[in-house]
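Participant: Following the hints, put chain B in place on chain A, whose structure we already have.
Residue-level listing of the chains:
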Amino acid sequence: MNTEYIGIIVTYGLTILLAIPLGKYIAKVFSGEKTWTDFLNPFERLIFKLSGINATKEMNWKEQLKAMLTINSLWLLYAFFALIFQDKLPLNPDHNPGQTPDLAFNTAISFLVNCNVQDYSGEAGVTYFTQLFVLMFLHFMSAATGIAAMMIIYKGLKQRSVTTLGNFWNFFVKSITRFLLPGAILVAIILAFNGTPTSFAGKDTVITMQRDTAQISRGPVAAMVAIKHLGTNGGGWFGTNSANPLECPNYLTYMVEMIAQLVIPIALIFSLGFYLKKMRFAYIIIGVMTIGMLMLLIPTIQAETHGNTAIAAMGINSANTAMEGKEVRFGIPATAYWSTQTTVTSTGSACGAHDSYMPMTTGMELMAMMVNCFYGGCGVGFMNYYIFIIIAVFISGLMVGRTPEFMGHKVEAREMKIASIAALLHPFLILSFTALSCFVLVNFPDIKWVFQPKNWLGNPGYHGFSEMLYQYTSCAANNGSAMGGLTANNIFWNVTQGIVLLFSRFIPIIGPVAIAGIMAQKKFIPESPGTLRTDTGTFGVMTLAVIIIIAALAFFPALAMGPFAEYFSMK
Amino acid sequence: MAKRQRKNSLFQGDLVSEALKYSFVKLNPRLLIRNPVMFTVEIGTIVMAAVCWAIIFKHDTSQGSLAYNLAVTLILFATVLFANFAEALAEARGKAQANSLRKTREETPAKKIVPVGEMYVDEVQIVNSSELKKGDVFLCEAGDTIPMDGEIIEGLATIDESAITGESAPVIRESGGDKSSVTGGTKVLSDKIKVKITAEPGESFLDKMIALVEGASRQKTPNEIALTILLAGFTLVFIIVCVTLKPFGDYSLTPITIAAFVSLFVCLIPTTIGGLLSAIGIAGMDRALRANVITKSGKAVETAGDIDVLLLDKTGTITIGNRKATNFYPTKGVDDFIFIQNCLVSSLADETPEGKSIIELAREKGAAPPDNFDLHKATLIKFTAETRSSGVNLPGGKQIRKGAFDAIKKIAMEAGNSFPSDTEEKVKQISSNGGTPLVVAEDKKILGVIELQDIIKPGIHERFERLRKMGVKTVMVTGDNPLTAKFIAEKAGVDDFIAEAKPEDKMNYIKKEQAEGKLVAMMGDGTNDAPALAQADVGVAMNSGTQAAKEAGNMVDLDNDPTKLIEIVEIGKQLLMTRGTLTTFSIANDVAKYFAIVPALFILTIPSLSVLNIMHLKSGESAILSAVIFNAIIIPLLIPLALKGVKYRPIGASALLRRNLLVYGLGGIIIPFIGIKLIDMLLALFMK
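So the protein lines, in turn, are chains A and B.
If you read the first sequence in the working numbering, its first letter stands for residue 362, the second for the next number, and so on.
If you read the second sequence in the working numbering, its first letter stands for residue 32, the second for the next number, and so on.
The following block holds chain B by itself, in its conformation from the complex:
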């Protein structure tokens, strides 16, 4: 598989320089107010700048040296810039990813069909793709690049979609069916199609996604809003703590400088998570995009993390393609070789995947058609729903038939032949093993039975196990009979199945689960999937699917890969986890900062409190500087974690909480003690 190159480096030169530029643009208070935590830091910076100004021009000496105040001002300014940089970098990465998709739809000439009167006649006008509007119809022939997204209304074509999916093998798209969608930027390799445009320019899914990543129309998700409220709550607590410290200080005759107040405040408010919050959200959507999934909203990605039930189609997701022949079982008394040869001959004209797999297996076993056999002289009997069998009539009058057990049995019984008991036994055995028995008869006499089996994808069992540990129930949807479905379900390790499924069965199953309060995700492509896709909490439509399906779902998978849902669930979980762990880390950091700053504030007036200076920081000023420097540099240090996300481990909710609490909670308490001490030691070299 030649996947489109996924950029792995987090800090690419061009992206970084763009992000740097935007870090300054984002200093605009009107933009920054969306982030209350960083907004207060900006106000703190302005206050400190005013203090510096007072020292320079008014020779105010009560606030300490200019160098110290200037240092605090610059560090605070850097804190805001770092936070802006994190957000800008996440945006730049998302934009770059989206642009690589957008490039595929640059200006291309389009063969627009101009309607004349009431009829569409083939009057073709060459126009620019940008001039096309919703409802227009255009023509594409071999070699043309498809100018815009649309739905085939006439014809069939092979299309190279590698520009979008990275998959080099061409695919077939045709009108009417479930594979009628074409994407702008892909290339027609053969034949001719008429395509109707389904979306206004600028309103396609990709355009929506790009807008989401760019932040212009990025709506905060419910979880993000709730977290922002909690962080604003913490910020308020620390405003109270810092404001009340002034009269407390007056009572104990302790003068506290403005720099100390502002530093204490900025250190205490959750700047780490506040600075990284929007970057985390954007990075989540960016990760989805990297997985070649286009989401219509950030909320959909988060909802994916909460999914309880996953509806998966059997074919293509759980099993590889179609059934395959796996064994030949001749009836007692029939020669092995003769039987396999007959099976081969009966299938030579069979175009179905099952037929082809029989030939393949027979050739593997060394069988070949008899020497005098000439396919052109044989009469082919096609499979019909009434006979439920197929086969050939050979020139010598020999008739070979293969088909369902009861159909062939009927043929044999009508001819007065009995059905051998050992073969009947075998048929039952195959059925109960989840296979499909195909009985073969020569001149209405039973020769034996072919076993067809579904091939379960390697590794799928482990993936379902992983999902189960995440708390996601998997449901297999199949047209098979309940017995076969049950067998495959057990073998693949899914939790439940819907056998002999009709489109409305999916819908009913989703509604039933939702009535119990569960969140359901499903993947689909057909128009008849559309209602279920709309009903599901997370509906992923395949890009090859119909327009209706794509409209109904809230995500589109460009790769048309049915196992993609599993990846989407993990992306959603990662998104929430990154937010939670960084919040914990950010708040846990405050403990060490208190131990640095509080003794520093009272170093002269309450000397007994120097016991609290457990880090043995050099002086009051170096303690405060170390704390604000640590507070600032932790933001860029955590950018990689924020963008890549915290790794999700399916080890159960309690174990995961224990782990993250240990790493980010306890770690969040310990790391700043070490960090602040190190910075203080470094500062001691410069401050004499």
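Next up, chain A with everything else stripped away, as it sits in the complex:
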């Protein structure tokens, strides 16, 4: 085995090793046990006092969601106007212009919802002020929103029969002060010391070896790259994201960034085990997620390391490698590993060019985002998985001849209605908006828009279809990665993506929280020998089967017409 593989195995191993103690620590923070970070208590109390919040007041699930939606709407307005008027605001050494309203609409929503689709390029589309105080600020806020919402569900799973499930503000503030902020500071310091720029100076001018003059963008990059990974956000400082060597200077920063984007989603599942004192349950979930991740990673590595028949057909001996679009410094497996992890989590950062990957890789990336719960984003990954658990519990409960129940609470019509809507929404948004873009492209290619639909796609055929499918899948999964090749900074894409983003963020949060809230109010049923245990391998297999079947059934034709048609035609 060569060092390229050892590198990613060590990176993954370190992630798990870090996730276990972190999970234990997070469980302690939220169950109010003593931790070494309790010295922050006065600081948090000051925040609550300044904001006039009573963080000890127990809230029911409706109050929680109201708090969550209110504060998110305020940030949306703030971000939208700050981006439009950024040219009038300070910290703009490169004199970048304000964003157009449709771009600002897209960008504000995109960062608010933890997606970070970027229809602009960081070097020219935003200023240092908006990078730091809008985009990086939302990196923290969106991650904490997801974690706080997830904590409401954890609380619901732990309680026997309650109407209130903790306090949203408490969960929200503590996820920032207790691990997002300290973790981001740590990662930022490592990045800064390895060469990631940390300066407020404007562009630098260098003379390249070809004696050309080049402008190099700079800024306080390290801080943003740290939280972009830790909060599974993915919106980078530069247009080319972490493929820009200044965002990821060497293999150490590669490992740190990889660990950072994976560690919190995994730690949150471990924390569920510690919090509920049901470690087996957590291990089974981690197991299912890991198997799912490997089912995507292995074909990706396989596809990328076996050359490109299209290049070979041109008479170029590619020696079984397809280096186009790869992170050439770290090699193919490292690039493949990044592409899988960034799509299974909702990070969406990139260290290569997704448009250049093999069609099988594109298929795997799409599937990762279509499933969107093999680890998933901060908090929301578990919430998506929770919906699948509810469906799996329901079907398997019936299969063993008992009214389905989960964690001592019956799963009935109302929960199934919400779970069905939540599970339905993802394919609905992806398929219907991809269909809409196809419809516009086919029927109105020459419509009198500033940017005509016929010019959207950089590639024709199956690949072009994949690009459009990828764009909406990435939005619906709140992932934020883009295949490239598609020119998305125009009114059609900015607006439609914004709509997809808003729905696909908040309904999958509202749904699971509502289910957890309703179920927690029900009568508690103690476990009996007839109860279907949810912490067994059998149930894990059942959940995996439900996830695969639902994703496969909903997306089979779309995947067949995009990446798989391309894959088979390259054979």
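Accuracy of the hints is not assured; some may be wrong.
Far from chain A by the CB rule (all over 10 Å, computed), these chain B residues [what the hints assert, rightly or not]:
| no. | residue |
| --- | --- |
| 1 | I77 |
| 2 | I86 |
| 3 | A109 |
| 4 | D175 |
| 5 | G207 |
| 6 | D222 |
| 7 | T229 |
| 8 | G336 |
| 9 | F404 |
| 10 | I487 |
| 11 | K517 |
| 12 | A530 |
| 13 | P534 |
| 14 | R610 |
| 15 | P671 |
| 16 | G706 |
Cross-link-like lysine-lysine pairs, in silico, DSS-like; alpha carbons within 25 Å at most [what the hints assert, rightly or not]:
| no. | chain 1 | residue 1 | chain 2 | residue 2 |
| --- | --- | --- | --- | --- |
| 17 | B | K649 | B | K678 |
| 18 | A | K638 | B | K549 |
| 19 | A | K884 | B | K251 |
| 20 | A | K639 | B | K500 |
| 21 | B | K678 | A | K771 |
Please keep in mind that the hints were generated in silico from the structure rather than gathered at the bench.
Bear in mind the structure is a predicted one, so any value in this text is a computation, not a measurement.
Positions of the beta carbon are idealized from the N, C-alpha and C atoms, including for glycine.
Facilitator: For chain B alone, coordinates are given in the frame of chain A:
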């Protein structure tokens, strides 16, 4: 036992023809909309019929040949009919079962007692049973058929209930007690009773049950509603998949025919479970009815499947009838034969079941009364609560007494006789073995002790073991003292017991378990059981029980069989399992259908996708036809499973899930691959 003949054949000629008729009646969209999955298939059929019409009259050639489109239309139509047939057949079977019960209550003349003034006088009017109303009182004498359900208000009678229960032995029903209910259609064999009608005509339990089976008043149960929602969710997903396929096809310059769209859609939506869902529910109640249990709602049957705790009366359920003599233990120095003879003599006048069993056992051991013994000259001493003993005084002055240990001991001690230590030892031993010791004394001198034992029903231990594996806790309710109760509980294998039980103890136990979130089932017959029956989640009243008990429970057992609860629990579990497994099967089927239809859609425009045609189906049209044909015929093929139910195995929830997942999940993925391929091979013979 001469049980009423249980019809085992699923497809009886007369029922099938009736079901066929109703399959067409049910095509009415207003009826079909209750089933969203099949409703969409009906819409698909109408769309396809319109396509055929366009081909015939407008000579539209863009949609393929008429034969192909007509074939798709007919197969879709058959799919709806098959689903309707499944439901109609389940209804017909339920109705037939109910009718055989209803037959027992055809028009019979009734001797109605007409009240005159304030008093009921015996003025009897012969009226038709249909003219009787709630509150009316009628008279029944030997040979009369009881015209309607009611409660005996005066008298006692032996009644032949074989029309209802299939049990040929007559039973005794009398006013006042817990066995005061009579059922319409049963026959009075002796004596005379006055009966008051307790339910309006058409509102008796049986009428309610028939209405439930006929579907008119059948309410969907909570589980069924939740499942329908999930299935509607899947249907919506596939609507989206099929609608979006049109612009996708336009992008890749692939023309997709309406027949292909409709076929893909119908194949993907869960038609198998959607078509069989209501049949499964009706069949569940029908199975209950076949077990001679009348349920007041479909929900009660399902709840039975969730039961955590089962309250069972000891007598009749766990043990056979009453205690029986099993052994004679004479005191040291007393002759074995003499002792047994004395026991026999002391019991000759004893009418209690215990007394009779002593005589039986003594005769078995070869004992007979002494030659000069004349029962008529002996004075019988009856058992009283004060003396707690009984016996005889013989003409020669000899007194034989038998009774409880302390009662006889007192008699002996007062006479100055000691209590032999070996017998005292024996008494203790019998008690700790769960038996009842009966001490025998002759002229206030201890002769020995008789051991009485409860006889535990054979096979009951295994049944409780089965229940335990299902996750059901069994609780024995008995009037015995805690020591005896504990012994029997252990021997029978129940998990818990309530000793020296009073009616309110049952109630308290149920409330305690329910407070912990458990579901409790119980069976009862007496009026004092009524509150507990009402409190229990599943209360099964015996048909012989009082009206109050029957009103309070949510099921009535016509057989009066206390072990019936076990059967009911399994019926409930079977019902849910059949739904779950067929849902899994139905959804797993979609994988193969995708592999059949998707390559067929793009056979010309994306030839590389023919790699996905792993079944090597002959042509695009034959692939689509094979998939819809498979989709249609799987429904009638699964009707037997839907009606009989998936067999429940008490092997633990996880093992059961593993098993069903393997059989219906994996099987559901593999079977359609084989089925579609076979149909395609068959079609290839006709399509050249």
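Participant: In terms of Cβ atoms, is chain A entirely out of 10 Å range of B:G336?
Facilitator: violated, 5 Å
Participant: Please verify that the nearest CB of chain A lies beyond 10 Å from B:I86's CB.
Facilitator: holds, 26 Å
Participant: Would the least Cβ to Cβ distance between B:T229 and chain A come out above 10 Å?
Facilitator: holds, 33 Å
Participant: Would you say B:P671 is clear of chain A, with no C-beta pair closer than or equal to 10 Å?
Facilitator: The assertion about B:P671 holds, with a minimum of 19 Å to chain A.
Participant: When you look at the beta carbon of B:I77, is every beta carbon of chain A farther off than 10 Å?
Facilitator: At about 24 Å from chain A, B:I77 clears the 10 Å cut-off, so the statement holds.
Participant: CA of A:K639 to CA of B:K500, is that 25 Å or under?
Facilitator: holds, 24 Å
Participant: Take the C-alpha atoms of A:K638 and B:K549, compute the straight-line distance between them, and say whether it is at most 25 Å.
Facilitator: Cα-Cα ~23 Å, so holds.
Participant: May I ask you to check that B:D222 keeps its beta-carbon over 10 Å from the closest beta-carbon of chain A?
Facilitator: The assertion about B:D222 holds, with a minimum of 46 Å to chain A.
Participant: Measuring Cβ to Cβ, find out whether B:F404 lies farther than 10 Å from everything in chain A.
Facilitator: Check passes; 59 Å lies beyond 10 Å.
Participant: Between A:K884 and B:K251, is the straight-line Cα distance small enough, at 25 Å or below?
Facilitator: holds, 22 Å
Participant: Is it the case that B:A109 keeps its Cβ farther than 10 Å from each residue Cβ in chain A?
Facilitator: holds, 24 Å
Participant: Test the statement that B:D175 is away from the interface with chain A: the closest C-beta pair must be farther apart than 10 Å.
Facilitator: Given a closest Cβ separation of 45 Å, the condition holds.
Of the numbered hints stated above, those contradicted by the structure are hints 8, 14 and 17, listed in ascending order.
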